[in-house]
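Top to bottom, those sequences are chains A and B. Position one of the first sequence corresponds to residue 1 (my numbering), numbered consecutively onward. Position one of the second sequence corresponds to residue 1001 (my numbering), numbered consecutively onward.
Derived by calculation from the structure, the hints in this document are not laboratory data. No experiment lies behind these values; they were computed from the predicted model shown. Don't take each hint at face value.
Just the calculated beta-carbon pair ranges, DEER-fashion [unchecked claim]:
#1 B:Asn1246 to A:Val108: 26 to 32 angstroms
#2 B:Gln1056 to A:Lys200: 21 to 27 angstroms
#3 B:Gln1056 to A:Val108: 55 to 61 angstroms
#4 B:Ser1255 to A:Lys206: 19 to 25 angstroms
#5 A:Phe159 to B:Ser1255: 26 to 32 angstroms
#6 B:Met1217 to A:Lys200: 48 to 54 angstroms
#7 B:Ser1255 to A:Thr213: 51 to 57 angstroms
#8 A:Lys200 to B:Ile1289: 32 to 38 angstroms
#9 A:Thr213 to B:Ile1141: 28 to 34 angstroms
#10 A:Gly222 to B:Gln1056: 26 to 32 angstroms
Calculated cross-link-like contacts (lysine-lysine; reagent style DSS-like; alpha-carbon spacing at most 27 angstroms) [stated by the list, open to error]:
#11 B:Lys1037 to A:Lys229
#12 A:Lys75 to A:Lys196
#13 A:Lys30 to A:Lys196
#14 A:Lys75 to B:Lys1041
#15 A:Lys82 to A:Lys28
#16 A:Lys82 to B:Lys1261
Just so it is clear, CB atoms sit at the ideal spot from N, CA and C, and this is done for glycine as well.
Below are the chains, spelled out letter by letter.
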Amino acid sequence: MKKIITACLLLLNISFANAQNADALIKKVKAKLEQVNDYVAEAKMKTDVAFIKAPIGKVKVYYKKPNRLKIVKDKGISILPKGGISMNTSSILGMANCTTIDAGEAVVSGIKTKVIKLLPTDDNSEIIITTLYIDEANSLIKKSATTTRENGSFEMEMFYNTYANLGLPDKMIFSFNVKDYKMPKGVTLDFDDDMKPEEKAKLKHKKGKVEFTYTSYTINKGVADSMFK
Amino acid sequence: MYTLFKVELYKIFKRPRTYIAFAAMTALITIIQLGLKVDGKEYIEFVLGDLSNTLQVDGKLCNGYFVCFCILNLLLIHVPLLIALIAADMISGEANMGTLRLLLSKPITRTQFVVAKFLAATVYTLLLLVWIAFLALFVSIFIFGTDDIFLVKNNYAVQIASNDIMWRYLGAFFFAALAMVTVAAVAFFLSQFAENSIGPIVATMSIIIVFTIFSTMSIPLFNKIKPFMFTTHMVAWKEFFDVRVNADNESIAGSIQRPDKIINSALILIAHIVGLVSLSAYFLKKKDILS
């Protein structure tokens, strides 16, 4: 009996220690991100959804603490996943009450990462669960997978270089689920539908992606609140 | 022949009925523009449909380019009636007034007579299209401004950058001109078989309506005869507003998804025009002019 109790205590102790390690790592990542109060980034945005033919556009990304983010296309129409892009790393890490779970390790883009799951304790939180893949050595979030209540599931993969010391990526790929697209002929007035079935099949059951390649950051120079209205 | 052509133009533009088409187009386009100015946002939501459940499409979607596309989509079905109104009257009108015999007694060949009359009808058709282009494109740009164009098709959506649109409209209007001249050729051809213009106008519209029904219904039996109908090819102007994508699914600026379709349709329409005008000349040469 004593042995069983000792084993249980040991296991509890190990999981408690792991959770503490995960919390400490999250704190380190947060501390890195908190160096940035605001930024204006210029980026190239590529929308890759199977049933959308769109050109690459130039965008400006405005960010202000704690988690305000706005993407403005310089010129033209922007196509973004509904509600998803506003879920940036700061808003995920900024969740007030959440439980962290150490979920082991994984390799992302050839880099060994620590897998940490974040579970909000608030019943009304938009985020249901987030899995973070953190490069422990550099305290950088390499990837995140989030499930939300209203906006489905999405993934963010980040690639760092110039601004790695501030936790700002040079490239971010945002992946999300899309529903199959079919528009009635009465709406499109396109009665001449000569698309082959195999071509139509290519447009279905695909994940959508929005890729941001950041060309410059203007950090901590102030961003007006009016930008986010 | 040039004198005859000028006389025919004079006759066309002297008749008040010629201006009905210009007035009707002005009224129709203004109504569409007014409707989109007031309720454009709702219309865009309707057009985007289910797409807006997954994606957020931001920007000035209801811009001048988009409005022009909507107008062309709706109006190019109705414009043939206005063209038939004049083209179907070219020979039958003369027969009705009793001036055909007089005209053909002049020192011109019947072929020259047919060509001059058809060229005059073509000028009218082109001027009507220029007027539509001015109202639908330039006035819409003035009212709604410009931005990228976002178009929904049956199986996919297309976004074209604003700096890649104008040449497409130029191509689309050239193609629409070809399509409308084909309608004029049909009406002109029918014109010589009647002694008043009502018959050819109604016959032209009936042909267009029946052919359009065949062209729009996806029934296997009809699909076999579709390629032979000029109405199937009249809508190929829309191909100017579809772009190719590269292996990374990035749209290629300045490209057209199916240029072969445009060329093929254009050649078929040109063949219709040449064929119908030649047949008109052939039948008129053989005709015993009694009126």
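Against the structure, the hints:
1. B:Asn1246 to A:Val108: 26 to 32 angstroms: Since the Cβ atoms of B:Asn1246 and A:Val108 sit about 27 angstroms apart, the hinted range of 26 to 32 angstroms holds.
2. B:Gln1056 to A:Lys200: 21 to 27 angstroms: With Cβ atoms ~25 angstroms apart, the hint holds.
3. B:Gln1056 to A:Val108: 55 to 61 angstroms: Check failed, 27 angstroms falls outside 55 to 61 angstroms.
4. B:Ser1255 to A:Lys206: 19 to 25 angstroms: With Cβ atoms ~22 angstroms apart, the hint holds.
5. A:Phe159 to B:Ser1255: 26 to 32 angstroms: Hint holds: Cβ distance 30 angstroms, inside 26 to 32 angstroms.
6. B:Met1217 to A:Lys200: 48 to 54 angstroms: Check failed, 19 angstroms falls outside 48 to 54 angstroms.
7. B:Ser1255 to A:Thr213: 51 to 57 angstroms: violated, 23 angstroms
8. A:Lys200 to B:Ile1289: 32 to 38 angstroms: Violated, at about 56 angstroms.
9. A:Thr213 to B:Ile1141: 28 to 34 angstroms: Because 32 angstroms falls inside the window, the suggested range holds.
10. A:Gly222 to B:Gln1056: 26 to 32 angstroms: holds, 27 angstroms
11. B:Lys1037 to A:Lys229: Judged against 27 angstroms, a Cα distance of about 24 angstroms means the pair holds.
12. A:Lys75 to A:Lys196: Violated: A:Lys75 and A:Lys196 sit about 34 angstroms apart, past 27 angstroms.
13. A:Lys30 to A:Lys196: Violated, because 51 angstroms separates the two Cα atoms, which is more than 27 angstroms.
14. A:Lys75 to B:Lys1041: holds, 19 angstroms
15. A:Lys82 to A:Lys28: violated, 31 angstroms
16. A:Lys82 to B:Lys1261: With a Cα-Cα distance of about 36 angstroms, the restraint between A:Lys82 and B:Lys1261 is violated, given a limit of 27 angstroms.
Violated hints, listed in ascending order, are 3, 6, 7, 8, 12, 13, 15, 16; each of the other numbered hints is respected by the structure.
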